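Trainee: Sequence:
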Amino acid sequence: MLSMTAQVPSAPAPGEPDPLSETAAVPLGGRVPPVEGRQQGTTAAPPAADPAPAIPADSSVGEDPEEPVGGRLERSIGDQVKFYRTALGMTATELASVTGLSKAMISKIERAATSCSLKTLDLLATGLGIPVTELFRGLDRKHQAVHTAAGEGAVVVRSGSASGVEYRTLGALPHRTKSMRPALITFAEGADISETFQHPGSEFIHVLAGALVYAHGDRRYHLRTGDSLYFDGEAPHGVAQLLATPVRMLSVVDAPAGSGSDGHN
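Mapping to the numbering used here: the sequence shown position 211 is 1259, numbers consecutive.
Just so you know, these hints were derived from the structure itself, not from any lab. There could be a bad hint or two in this list.
Below, a list of computed lysine-lysine pairs in the DSS-like style, where the Cα atoms sit at most 25 Å apart [what the hints assert, rightly or not]: (1) Lys1151 to Lys1167; (2) Lys1167 to Lys1130; (3) Lys1130 to Lys1151.
This structure is a prediction, so every number in the text was calculated from the model and none was measured.
Please model the entire structure based on the sequences and the hints provided.
Mentor: What follows is the structure, encoded as structure tokens:
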């Protein structure tokens, strides 16, 4: 009978780890060092996300299209384009058609929401039938305003002022081609209304109080509170009769610049 004797592996030499025991290779820190030739157990990294699309340098992301982004130059060009377009009776669609620009671009230009290239300026000027320089007109001119508080207009001595007529100016602005002169005229009871006037340009009157007969050329107009009359200033005109006093009326004379007179002196 054969006797079977189990072979007992010899004890490892001092300082060598026991190949049959994993705990023999575990250091005091509790972490198992990687074994050469074996992949470490790691969590797979998520796939890289697609890069965000590049935003063009001229993109308007974050830009409010209704908010003007231009400075004085853009505002001046926009104002001039709109002025000439409306003066010609053109719609934005019609201007877009003759210039080759889109209606949206015309709108942005007039709102100073974009800057125009030289080519765009040339297209606009050609479409409007004006020199390119007209689009820059008034850029360096200061925009003025005249405020006249109630009762503070300058009282100007005119013919008849000493006879119950008060002529109070309401301000004026210098202009190269025309001069608009608003005034408040008051006629007291018994005022001298014998004088008539003539002047270049046109005149507008609006009755604020009272009633009167106003003469223009060979015609007579009965005017009362709230009525208006607009007429050519070159024809003789003036108050023909006071029906209910005091009469207060607003007069606005629109005469060519350099005429030197509003005709009421």
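Trainee: None of the hints should be skipped; say for each whether it holds.
Mentor: Hint check:
Distance check on the hinted pair: Lys1151 and Lys1167 sit about 17 Å apart at the alpha-carbon level, within 25 Å; holds. Our distance criterion of 25 Å between C-alpha atoms is met by Lys1167 and Lys1130, whose separation comes to about 18 Å. Distance hint between Lys1130 and Lys1151 is fulfilled; the C-alpha atoms sit about 13 Å from each other, no more than 25 Å.
Violated hints are absent here; each numbered hint is respected by the structure.
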